[in-house]
Amino acid sequence: MSRQELISPEGLRVDGRRANELRRISCRASVLNSADGSAYYEQGNTKVLVAVYGPREPRNRSLAQQDHATINVEFNIAPFSTSERRKRSKGDKRLLEISSFVKQTFEGAIQTAIYPRSQIDIYIHLLQHDGGTLETCINAATLALVDAGISMMDYVCACTAGFIDETPILDLNFVEESSIEVPNLTVAIMPRNGNIALLQMESKLHSSKLEDVMELAVEGCKHIHRKLDQAVLVAAKDLADKLSN
Amino acid sequence: MAETKVVLPGDIIDTSLDSDEEESSVLRLGPGVAQIDEQVSAVAAGVLHSDNEKKQWWVVSNKRRYVPAEGEPVVGVVVARHGEGYRVDIGSAQGALLPLLAFEGATKRNKPNLAVGTVVYARVAVANSVMDPEIECYNSHTGKSEGYGELAGGFMFKCSLGLARRLIDSKAPVLNALGSGIPFEVAVGLNGRVWINTEAPATTVLIANAIKNSEFLDAKQCRQMVKELLEKQ
Amino acid sequence: MVVEIEPSNIEREFLLEALEKGIRVDGRGIYDYRTLKITCSPTYGLVEVQLGQTRVLARVTCEVTRPFPDRPTEGLVQFNADLSNLAAPGLDSSSGKPSVQEVAVSRMIERVIRQSRAIDTEALCILAGEKVWSVRLDLHFLDHSGNLIDAASIASIAALRHFRRPDVTIDGEEAIIHDVNERNPVPLSIHHTPICVTFGFFGSNGDLMLVDPNLLEEQVQVSSFTITLNSHREICALSKAGGVPLAPSLIQRCTQIALTKVDDINDKIQEALMA
Amino acid sequence: MDVDMESQDTRDIASRIVTPGSVITNDTAFMRGHGTFAERTTIYSSVAGAVERINKLVSVRPLKQRYSGEIGDIIVGRITEVASKRWRVDVNSRQDGILLLSSINLPGGIQRRKSESDELQMRTFFAEGDLVFAEVQSYFADGALSLHTRSLQYGKLRNGTFVTVFPQLVPRSRSHFHTLPCGVDIVLGVNGYIWVSKHVPASKVEENSELIYSDKNEFISDDERETIARIANCIHLLNRLYVKITDTSIIFAYEASLTHAVKDLLTREIAIDLAHNVKTRLEQQS
Chain A
481 MSRQELISPE GLRVDGRRAN ELRRISCRAS VLNSADGSAY YEQGNTKVLV AVYGPREPRN
541 RSLAQQDHAT INVEFNIAPF STSERRKRSK GDKRLLEISS FVKQTFEGAI QTAIYPRSQI
601 DIYIHLLQHD GGTLETCINA ATLALVDAGI SMMDYVCACT AGFIDETPIL DLNFVEESSI
661 EVPNLTVAIM PRNGNIALLQ MESKLHSSKL EDVMELAVEG CKHIHRKLDQ AVLVAAKDLA
721 DKLSN
Chain B
133 MAETKVVLPG DIIDTSLDSD EEESSVLRLG PGVAQIDEQV SAVAAGVLHS DNEKKQWWVV
193 SNKRRYVPAE GEPVVGVVVA RHGEGYRVDI GSAQGALLPL LAFEGATKRN KPNLAVGTVV
253 YARVAVANSV MDPEIECYNS HTGKSEGYGE LAGGFMFKCS LGLARRLIDS KAPVLNALGS
313 GIPFEVAVGL NGRVWINTEA PATTVLIANA IKNSEFLDAK QCRQMVKELL EKQ
Chain C
78 MVVEIEPSNI EREFLLEALE KGIRVDGRGI YDYRTLKITC SPTYGLVEVQ LGQTRVLARV
138 TCEVTRPFPD RPTEGLVQFN ADLSNLAAPG LDSSSGKPSV QEVAVSRMIE RVIRQSRAID
198 TEALCILAGE KVWSVRLDLH FLDHSGNLID AASIASIAAL RHFRRPDVTI DGEEAIIHDV
258 NERNPVPLSI HHTPICVTFG FFGSNGDLML VDPNLLEEQV QVSSFTITLN SHREICALSK
318 AGGVPLAPSL IQRCTQIALT KVDDINDKIQ EALMA
Chain D
32 MDVDMESQDT RDIASRIVTP GSVITNDTAF MRGHGTFAER TTIYSSVAGA VERINKLVSV
92 RPLKQRYSGE IGDIIVGRIT EVASKRWRVD VNSRQDGILL LSSINLPGGI QRRKSESDEL
152 QMRTFFAEGD LVFAEVQSYF ADGALSLHTR SLQYGKLRNG TFVTVFPQLV PRSRSHFHTL
212 PCGVDIVLGV NGYIWVSKHV PASKVEENSE LIYSDKNEFI SDDERETIAR IANCIHLLNR
272 LYVKITDTSI IFAYEASLTH AVKDLLTREI AIDLAHNVKT RLEQQS
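Protein chains in written order, with our numbering: chain A, 481 to 725; chain B, 133 to 365; chain C, 78 to 352; chain D, 32 to 317.
Do not take every clue at face value.
What the hints assert, rightly or not - Restricting the straight-line Cα-Cα distance to at most 30 Å, the calculated cross-link-like pairs of lysine-lysine (DSS-like) are:
no.: 1; chain 1: D; residue 1: 145; chain 2: A; residue 2: 722
no.: 2; chain 1: B; residue 1: 290; chain 2: B; residue 2: 187
no.: 3; chain 1: A; residue 1: 717; chain 2: D; residue 2: 116
no.: 4; chain 1: C; residue 1: 338; chain 2: A; residue 2: 689
no.: 5; chain 1: D; residue 1: 87; chain 2: B; residue 2: 240
no.: 6; chain 1: B; residue 1: 344; chain 2: C; residue 2: 114
no.: 7; chain 1: A; residue 1: 722; chain 2: D; residue 2: 310
no.: 8; chain 1: C; residue 1: 345; chain 2: B; residue 2: 243
no.: 9; chain 1: B; residue 1: 195; chain 2: C; residue 2: 338
no.: 10; chain 1: A; residue 1: 689; chain 2: C; residue 2: 345
no.: 11; chain 1: C; residue 1: 208; chain 2: B; residue 2: 359
no.: 12; chain 1: A; residue 1: 717; chain 2: D; residue 2: 145
no.: 13; chain 1: B; residue 1: 240; chain 2: C; residue 2: 345
no.: 14; chain 1: C; residue 1: 208; chain 2: B; residue 2: 290
no.: 15; chain 1: D; residue 1: 116; chain 2: A; residue 2: 722
no.: 16; chain 1: C; residue 1: 114; chain 2: B; residue 2: 359
no.: 17; chain 1: B; residue 1: 195; chain 2: C; residue 2: 98
no.: 18; chain 1: A; residue 1: 717; chain 2: D; residue 2: 310
no.: 19; chain 1: C; residue 1: 338; chain 2: B; residue 2: 243
no.: 20; chain 1: B; residue 1: 240; chain 2: D; residue 2: 294
no.: 21; chain 1: B; residue 1: 243; chain 2: D; residue 2: 275
no.: 22; chain 1: B; residue 1: 364; chain 2: C; residue 2: 208
no.: 23; chain 1: C; residue 1: 98; chain 2: B; residue 2: 344
no.: 24; chain 1: A; residue 1: 573; chain 2: C; residue 2: 208
no.: 25; chain 1: C; residue 1: 114; chain 2: C; residue 2: 345
no.: 26; chain 1: C; residue 1: 345; chain 2: A; residue 2: 567
no.: 27; chain 1: C; residue 1: 345; chain 2: B; residue 2: 364
no.: 28; chain 1: C; residue 1: 208; chain 2: B; residue 2: 344
These aren't lab readings, by the way, just hints derived from the structure by calculation.
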């Protein structure tokens, strides 16, 4: 397999970005009217749609917790999301892993103690897949939860980063993510205090380089936080205008 | 006492007493022994015990799952609170019921308020195969708590039923050896749970480990082990 | 369904109180591992690891199959982690879907071994495009008393290094697989040995830290973090999901601590393989 | 009573739109209300919405949030489960509400005592899927609403159709049961559940209280059905365009809609035009 040139000598990546450039992000809240909260989120060519229902009566009451809400996350990938059509089975471990990561991340961010004996459902649907699946799911789910008016300690913003030819690179696309030499680190932070809600990394990276790659990813998260905040404010003002006149 | 005889489930036990009483006297069969078509045979693997005066036969086996028996002290954890009492886990098949009034000086108005997860030292009040077991935190005859009730602070750990039974009798070598070295409070539940409390966490951990290690040591080895632990501390 | 019983309040409070003084319930120091016992059995690729009371059995087997069309010269590596309720009362596998823990552990091991290319898959090629070795690693958890991931990662690496596959000679289109007693079997070519080190965090903002949490500590911890390193000081995987958010400085400190831990675990594996 | 020492900080607090995690104030004089949380002395917002300040209390009202009941709210609910001596009712809130057997009117007038047999034939009163018109009487310990239907206007709903709207669009008012001039009864639940039904003269209900739990719809003529459908579509379009839903706004919408066929009311252009028409008439009126 010829070693594909991931960074050109001039420092440009396969999709023309610089090493520390995020893909173009465009996102909108309140896109579905039957859900309590919803969001459409695009980062580069990765597109995801999230619907949030709740807090509502749990379907099976034996799981209801006395003192806090339980969070249920279902993540599925549309068969048409990648170039070759592939229907993933219900028990696919990779899907279950991503939904359990999203569930655990938001168990720390949502103030579940305010909604005892109820359930919050987060349904995530990946429409197009071009790398950074976990990152886009977390950002989209944050937007949908805020849109649903659910109390949260803070936004949760996620971003990926990698390392090619001795330079940390920000926000990996599918080609960079799937090439085996490139370590793929996903970090999700709570922007207010910069603490790490989630940190996942695959393939190899020398321990001395970890700090630089993480710093770059955290920078990316802060930028995404501003984007999410704008989307929320736009949706909020739009709703406020409609309701007021 | 007959010399220690190990029996396995299904072994027939000849109950012919060495004393001269006639055959048909009533026998009382304890845990681990049952009558299967007129023959008395063991249903549990363990050491056979018999008591001639009370004509009692029972088998002591080192199982871990506790079967509640009336009058036995147990250490339980409150799992849920219902209207008229608490559901307490004592390691038995079903959770035990601890009525709200089963505390010293508890009346309709001032009922004890235990949170879920509290540890209690209690006495098994009702235990039969039909109903869920019931426990009480006072001696129902005298109305006094006699040490039963909520266990605050300290640490609790699980051990086998055999070890718990040996710890409960006052001559337990490991407890006496430890007692001479360090002042500590202990509550032993026959359901294989032991509660320890001292001032410093370090000593509590030391005592807990000492007790756990003492399971397969005889009295002399116990004293030796405890001496070493105390010096090392 | 058997519900895993939560630790009582006093166990929780005692554990935290002791941890503040740097003492753990089983007497270990906060950075100490439990006693690690690795037993390699006479049959190649079968290793059992005991970390304290947590016991894991790892079994490696191989067979000849066709390679994937897009990677004709690469052998296959497959994983299966079976976390049935043999190991702990609380695990409920009756619902068909694998339990959350089973998904977490098997995905972690897959990431550690496959994504970090611990096994040289090119060396598994017999006839390009036609026949390659497919190596399969099965993990069976016999007893769950905390920190399954570290025990599983040690068992996996030890089993892979202990495994021998039959020798093969190729003439032209034909490939002859020699019987084990005809020619002694060949070990797999393993680039590096990734080892997982798991940390538990306690206290309201997770500033109390310890290594290798046992079952009680795992139930009381507010957050956990696993870092995988090899002997060349390279990070092969990181995993922190959920729980209380942690300060970035804590992550760096864990990396330094883990580096020392990985070396002594590697020595222990080396000893076990020599015996 | 406005706080006299109106410092600059407090003036710009009110009516600002904040998002989760943003600082509202670190002035320790303030107390924190809904939608906020505090770390050390700083008050942060936990939801996206408008900040509200009442004297010392700062809270954030999210623009979109599920209905959370207040005592005295008049609501419409759907029975989800029949349990011992109570019904669980979906009230579009965080948890199902509870309707106790002891808080409903028993057929056969007020003086009838509750008996054992009532507990056995609960389904003759309300069964799963029935719609109930009730009032919130209190909260349970875990925040679930306790409902009651102990007045003649409350009880089982029939002879009509059901519409769901945003709860924020239904303002709290004295009465939520209206008979519109076009001869249709509507029930505006504060929880966003609305029932539009054929007009039944109040006198008929009191006559035979045996019938208050009957499941049979009365005969509804064709043009009554058309009016009910027209009113339902009017409510839909008001909801979609975020117009406050009151009896007056529905009447205005109904009158404006007469020139269109019922099914056209849901097309986008007509809906916008009608909603605009309603808004202008509402402004003229106030």
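Taking the hints in turn, this is what the structure says about them:
Between the alpha carbons of residue 145 of chain D and residue 722 of chain A the distance comes to roughly 49 Å, so the proposed pair goes past 30 Å and is violated. The suggested pairing of residue 290 of chain B with residue 187 of chain B is violated, with an alpha-carbon distance near 33 Å, which exceeds 30 Å. Simply put, residue 717 of chain A and residue 116 of chain D have alpha-carbon atoms about 46 Å apart, too far for the 30 Å limit, and the pair is violated. For the given pair, residue 338 of chain C sits about 20 Å from residue 689 of chain A by alpha-carbon distance, which is consistent with the 30 Å threshold.
With a C-alpha separation of about 42 Å, the suggested pairing of residue 87 of chain D with residue 240 of chain B is violated against the 30 Å cut-off. With a C-alpha separation of about 20 Å, the suggested pairing of residue 344 of chain B with residue 114 of chain C holds against the 30 Å cut-off. Restraint check: the Cα-Cα separation between residue 722 of chain A and residue 310 of chain D comes to about 11 Å, which is no more than 30 Å; the hinted pair holds. Restraint check for residue 345 of chain C and residue 243 of chain B: not satisfied, since their Cα atoms lie roughly 57 Å apart, outside the 30 Å limit.
At roughly 38 Å between alpha-carbon atoms, residue 195 of chain B and residue 338 of chain C are farther apart than 30 Å, so this suggested pair is violated. In summary, the hint linking residue 689 of chain A to residue 345 of chain C is supported, as the alpha carbons are separated by about 28 Å, within the 30 Å threshold. With a C-alpha separation of about 65 Å, the suggested pairing of residue 208 of chain C with residue 359 of chain B is violated against the 30 Å cut-off. Under the criterion of a C-alpha separation no larger than 30 Å, the hint pairing residue 717 of chain A with residue 145 of chain D is inconsistent with the structure, at around 52 Å.
Of the supplied pair hints, the one linking residue 240 of chain B and residue 345 of chain C is violated, its CA atoms being roughly 63 Å apart against a limit of 30 Å. With a CA separation close to 54 Å, the supplied pair residue 208 of chain C and residue 290 of chain B exceeds the 30 Å bound. A threshold of 30 Å between alpha carbons decides the hint, and for residue 116 of chain D with residue 722 of chain A the separation of about 44 Å lies outside it, so the pair is violated. Between the alpha carbons of residue 114 of chain C and residue 359 of chain B the distance comes to roughly 28 Å, so the proposed pair stays at or under 30 Å and holds.
For the given pair, residue 195 of chain B sits about 36 Å from residue 98 of chain C by alpha-carbon distance, which is inconsistent with the 30 Å threshold. Our distance criterion of 30 Å between C-alpha atoms is met by residue 717 of chain A and residue 310 of chain D, whose separation comes to about 19 Å. Distance hint between residue 338 of chain C and residue 243 of chain B is unfulfilled; the C-alpha atoms sit about 53 Å from each other, more than 30 Å. A distance of roughly 65 Å separates the Cα atoms of residue 240 of chain B and residue 294 of chain D; the hinted pair therefore is violated under the 30 Å criterion.
Our distance criterion of 30 Å between C-alpha atoms is broken by residue 243 of chain B and residue 275 of chain D, whose separation comes to about 51 Å. The suggested pairing of residue 364 of chain B with residue 208 of chain C is violated, with an alpha-carbon distance near 62 Å, which exceeds 30 Å. Pair hint residue 98 of chain C plus residue 344 of chain B holds up; C-alpha atoms about 22 Å apart against a cutoff of 30 Å. Of the pairs offered as hints, the one joining residue 573 of chain A and residue 208 of chain C holds, with about 28 Å between alpha carbons and a cut-off of 30 Å not exceeded.
Under the criterion of a C-alpha separation no larger than 30 Å, the hint pairing residue 114 of chain C with residue 345 of chain C is consistent with the structure, at around 9 Å. Between residue 345 of chain C and residue 567 of chain A, the direct Cα distance comes to roughly 44 Å. Violation of the 30 Å bound is thereby established for this hinted pair. Proximity of residue 345 of chain C to residue 364 of chain B is assessed by CA-CA distance (about 27 Å); at most 30 Å being required, the pair is judged to hold. Proximity of residue 208 of chain C to residue 344 of chain B is assessed by CA-CA distance (about 55 Å); at most 30 Å being required, the pair is judged violated.
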